[in-house]
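Enquirer: Listed here are the chains, written in short residue letters.
Protein chains: 2
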Amino acid sequence: MLMIPGPTPVPEKALLELAKHPIGHRSDDFSKIMAEVTQNLKWLHQTQNDVLVLTSSGTGAMEAGIINFLSRGDRVLAGTNGKFGERWVEVAKAYGLEVETITADYGQPLDPEQFREKLEADTEKQIKAVILTHSETSTGVLNDLETINRHVKAHGEALIIVDAVTSLGAYNIPVDEWGLDVVGSGSQKGYMIPPGLGFVSVSAKAWEAYKTANLPRYYLDLGKYKKTADKNSNPFTPPVNLFFALQATLRMMQAEGLENIFARHQRLMNATRAAVKAMGLPLFAADECASPAITAVAPTQVEAEKVRSVMKKQFDIALAGGQDSLKGKIFRIGHLGFVSDRDVLCAIGALEATLQMLNVEGVTSGAGVAAAAEAISQ
Amino acid sequence: MLMIPGPTPVPEKALLELAKHPIGHRSDDFSKIMAEVTQNLKWLHQTQNDVLVLTSSGTGAMEAGIINFLSRGDRVLAGTNGKFGERWVEVAKAYGLEVETITADYGQPLDPEQFREKLEADTEKQIKAVILTHSETSTGVLNDLETINRHVKAHGEALIIVDAVTSLGAYNIPVDEWGLDVVGSGSQKGYMIPPGLGFVSVSAKAWEAYKTANLPRYYLDLGKYKKTADKNSNPFTPPVNLFFALQATLRMMQAEGLENIFARHQRLMNATRAAVKAMGLPLFAADECASPAITAVAPTQVEAEKVRSVMKKQFDIALAGGQDSLKGKIFRIGHLGFVSDRDVLCAIGALEATLQMLNVEGVTSGAGVAAAAEAISQ
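Top line first, the protein sequences correspond to chains A and B.
Using my numbering, read the first sequence as starting at 13 and increasing by one per residue.
Using my numbering, read the second sequence as starting at 13 and increasing by one per residue.
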């Protein structure tokens, strides 16, 4: 049982699609799948922009989202408060961009005011893009994309490039309403299928920037993907089986409806956080900036890795550990994608039992499940 | 029934692996799969070099194989006699490499002598790499990699970067014995699984070049893949389901044995070519340079696209068409990967029936299947 922030659980319907024999990617049958999937991706992104599909992880999609719209020496403003925010800074630097960062401590949200100040100070419009991780998977913090984006729009020139890898399909991101230029995501998250596909939505303004952007690229050249996507095709052989599965899960998402999907993730988050609090374990991120996809717990009474180990061995539930500097300090409960109320109750029940097995003091038996159940019933 | 050069047919065993629920990519279980797969990839490549796995198409793997070992302005020599050879020239130029090409007409092999001359003339050792497509998928031509490589080795400085996308697992490519520095391939070919994985083998000499290579890269940075592969892990979330399938097909390949695999592809090629000749259809590539993976046919008595159309509609057999300038001029029969003698007999039988249905003159009924059967029985 996967309760990690990706790969996330995959519904049986999608698993069976994966087992279908591949078809030719230049066939009419595949074009029809591409056409449907593209329409439904636009629906999911709440946009009329292009939503392009790459054979890559989310990182490949985000790199494409950065390098297609900028030129060597361009100044960009990047928010970092976790491993993924830092990764986009590394990408930007690898391509010779001039990166200015706005940082917050791990577990803290980025301060929109700092973006406003930097952007307002840039009267010569030197800042070409703002790069931002919406839901920071490494810490469980949701940054205030809506407010930061408002400051970017007030700037007028800069593109906003958003890592929505663990927020798309979990939290409301109205791409057109907010005017988000580039939004990157990955298949093993809210999409409910295995890893292997990266997604990038691209606004008209970003395509304008593409015309003069000069960073080298070929496989990640989004112009090639747009040109072929317009004909329901791909520039390079796509992972056809993952497209079969994606077609199935996008239909499931449409049947559930965006509002219901977002409400479900909110409920799963509330239930998980209420339970963790009731068990007396410290949450790593505050309620005000909690990610709907993942809850990080920073236990003080017990080693995080011991909790993960018992959860895996005794209950076959995979939780995620901390990454890099957070290794051993936190464990992370994923509640993203194909996750139900029942799954969260089950995981919380197992977590309570785990704490008992590890003789953690101060845990009231049943308090976690009771708190989760109450949150769900509200 | 897929008789195209990729995606190629996938055995049931691998399809069922695809339908397994994903597991965490940072789990011990996945590390074990990585360890086994990596060992078996080395076996398949006949090498002790690193064989790294990317979430990408074959193009992504080849781009990684080019951009990790070269610097802006480096001079490279590239052979082009088809769409894929040309693609690597485009990649090299996109990154600012200085490309000199050795060309041959579509359907003709590259002349090794031209490589020898260029390389011998380069006494100042300015040529940093030779880029070559082994089996040119667009034309069904197999270039003489062994001889060209010998000239590269005589040069001493230049790396040899090989596109083995449709030759690896079909033709003997002893990477260590020949000293091939970089070899790129893709999962939907000889590997017998769906598209989604790219492979790059990297020699010690190539890693030396990596140290000073300065082309920008992040997602395609092979150093990151090596660092994590050494710990049986991945820098970015890998498509775990494709790894399950790959584990299964590599075991199948080991059970069959390299020599048997190569002999089977040789036999399928011989049978296909004998049949096409017996049916009176012109082969696009000569016997001396015929690819063991794909046979291109350039019919004069009937439109290539009509043949493909009837084969698809009447017999549900997918053949490939010509690409770009060859569109409508050739059709291509794939016999790569999970293809048996029976499959070829079946496709040839259907092709004969198709020609009859299209009233193509000069085709002796049964001659194709008879010739294929004879070639198989030899």
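Treat the hints with care, since some could be wrong.
You can't tell identical chains apart in this list, so a pair holds if it fits in one copy or across any two.
[What the hints assert, rightly or not] Simulated pairs of lysine to aspartate or glutamate, DMTMM-like, Cα-Cα distance not exceeding 20 Å:
id : residue 1 : residue 2
1  : Lys236    : Glu24
2  : Lys243    : Glu169
3  : Lys105    : Asp233
4  : Lys44     : Asp328
5  : Lys130    : Asp233
6  : Lys239    : Asp336
7  : Lys140    : Asp299
8  : Lys239    : Glu24
Rather than coming from a laboratory, the hints here were simulated on the basis of the structure.
Enquirer: Would you mind marking each hint as holding or not holding in the structure?
Expert: Verification of the hints:
In this homomeric assembly, Lys236 and Glu24 never come within 20 Å of each other (Cα to Cα): the closest approach is 33 Å inside a single copy and 34 Å across copies. In this homomeric assembly, Lys243 and Glu169 never come within 20 Å of each other (Cα to Cα): the closest approach is 31 Å inside a single copy and 44 Å across copies. In this homomeric assembly, Lys105 and Asp233 come within 20 Å of each other (Cα to Cα) both inside a single copy, at 18 Å, and across copies, at 14 Å. Proximity of Lys44 and Asp328 under a CA criterion of 20 Å is satisfied inter-copy only: 17 Å between copies versus 39 Å inside one chain copy.
Taking the closest pair of Cα atoms, Lys130 and Asp233 never come within 20 Å of each other, the shortest separation being 30 Å inside a single copy and 32 Å across copies. For the homomeric pair Lys239 and Asp336, the shortest alpha-carbon distance between copies (15 Å) is at most 20 Å, but the shortest distance inside one copy (39 Å) is not. For the identical chains of this complex, Lys140 and Asp299 are neighbours neither inside a copy (33 Å) nor across copies (56 Å), given an alpha-carbon limit of 20 Å. When the C-alpha separation of Lys239 and Glu24 is checked against a cutoff of 20 Å, the pair qualifies neither within a copy, at 34 Å, nor between copies, at 35 Å.
Hint compliance for this structure: hints 1, 2, 5, 7 and 8 are not met, and every other hint is.
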